[in-house]
Amino acid sequence: MDNSRAFGQALRSGNRFDASTANRPVLVLDDVHKAYRPDAAVLRGLNLEIARGEFVFITGPSGAGKSTLLRLLYAAEEVDSGRILFLGREIGRLSKASIPFLRRNVGVVFQDFKLVENWSVFDNVALPLEVLSLPDRLIRQRVGEALERVGLSGRGEDRAGVLSGGEQQRVGIARAIVGEPALVLADEPTGNLDPQLAQDILGLFEDIHETGVTVLFATHDRSLLDIRPRRVVVLDDGKATDALEGLDTIAHPNPQKVA
Amino acid sequence: MSPIDRAWRAAKNEWHLHALSVFSVAVAFVCLASALLIVVNIQSVQTRWQATGRASVYLKANVERSQIADLEKALRATAGVTSLKYVSSEDARSQILGTSGNESLTALPVEAFPASLDLELTSDAATTRLAKMAEQLTALPAVEAVETYQAWSNSLGKVLTGGLAAAVVLALVVLGAVVSVVSSTMRLALQRRRREVEVLKLVGASDDYVTRPFLIEGCAQGGLGAGAALALLGVLYGIVKSHFDMSLGALLGVTPTFLPWTMSLFLIVLGALLGVSAAYLSLRRFLLA
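Sequence lines, in order, name chains A and B. Note that our numbering has the first sequence beginning at 802, numbered continuously upward. Note that our numbering has the second sequence beginning at 72, numbered continuously upward.
Any given hint could be a false lead.
Unchecked claim - Cβ-Cβ distance ranges computed for the label pairs, FRET-style:
1. Ser255(B) / Gly1013(A): 47 to 57 Å
2. Leu336(B) / Arg825(A): 57 to 67 Å
3. Leu336(B) / Asn993(A): 51 to 61 Å
4. Leu235(B) / Arg960(A): 30 to 40 Å
5. Thr118(B) / Leu935(A): 51 to 61 Å
6. Phe94(B) / Gln1000(A): 49 to 59 Å
7. Val98(B) / Asp937(A): 37 to 47 Å
8. Lys897(A) / Leu344(B): 50 to 60 Å
9. Phe94(B) / Asn993(A): 32 to 42 Å
Hints listed in this document are in silico derivations from the structure and should not be mistaken for laboratory results. Ideal Cβ positions, reconstructed from N, Cα and C, are used throughout, including at glycine.
Take the sequences, apply the hints, and build the full model.
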């Protein structure tokens, strides 16, 4: 079975229940190394396991490798050594033609929103569904639902470029969830927003998580980690440490691990 | 949304960029189409002259009238000869002087204008038998020389060969120009739509999905550019023809014609193919990068 079919069957909602995939971690990173220059490794033997349905904060100082980690997960970068398993399948061994199928099952939200500013909100959100060549009627319905979930009902015709920063980030989130992915990656999604907006956006991710979606939320904003008790993974010196296991690596007052 | 819809959306958003590209392609194609138009018309003149066999049989000065009558009789009986006209020395002199009015020519004696028999032949005879007939006629004692106007046809043939060579060179220049213009437009479009391409790839679009609208845009730019060039050339041709039709027709012996529809269609298809190829090359470099 090729990877594209495998991802589709394993992740799409509405498929038959498969006990083996239900118990399998969504993500396993096994001794992952990544360096952009030979003398400056970003990740040095990173090990991490993310269970299905977890909400995990990835934190650490600037340059710790948070963004690199996420880029490896949606195959924008390749590991130098080690393995990343997404639902048991190794991302590094995917063919170039299979990478789009991986990305259709992973929603990504960025700090700079990455919207096409001269398009309408609707067109931006509809993009992941258009790639799947879904019927227009279904696209309209699902985009409407996604916009409602992020609080932008009725704003589909607005041009994305004229929205406020918070609204643009909501559009970015709607785009990430409209395809109903199993995994949502958020790369500093509140980095360009004021504290109140940042909390609102975090609330949206929690709502998404409530529906069973696995969320990896990369942030260096420690104030967000206090709002809800979530698993916190600290990236430092190219390695990952769960905050409970490495309190001395982060000056965090009350980290808790959620099973 | 189909690739055509996506290409149309991009064209509307970046209409000025696409319009500039179509205009540049059109300028390049006007050069090529003009050269082809000249070649087509020279070729039609040459074909007309080759197909309409004409010959002037110049007679010696001391030829008897009975010899001329025998010769006329023999030529009229020859297969392929459609008309025959005797032009006396006086008639030839008045024809020449009537059109030139040159004083030096007026001073020439009537003997300087030899009498002749002007023949017209069918197309078949002109192409297959004219040379042989000229050879046979030249051997007759009453005949001084035979002019078949082959030299004119040969000269036109040389002009035509030169015109074709010029058209080939122009075609190469146009090819380069169109590829360059469409490639530049595509690179610029890709630069301006870098975010769109980036997002498309992030949400799982395949390379084919990303490239299809750009290929359609390149195809449309090339085809529309060539079409616009033909339309512009058609208008210019119409203006020129409306002013010079009579004199040109009389001078060349044929009515000027525009490019045949097959050639026009070929130019549009060529434009579209060049456009799509240039777009593909630019995209390949971009996607590989």
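For this session: Could you check the structure against the hints above and give me the numbers of any it violates, in ascending order?
Result: 4 and 8
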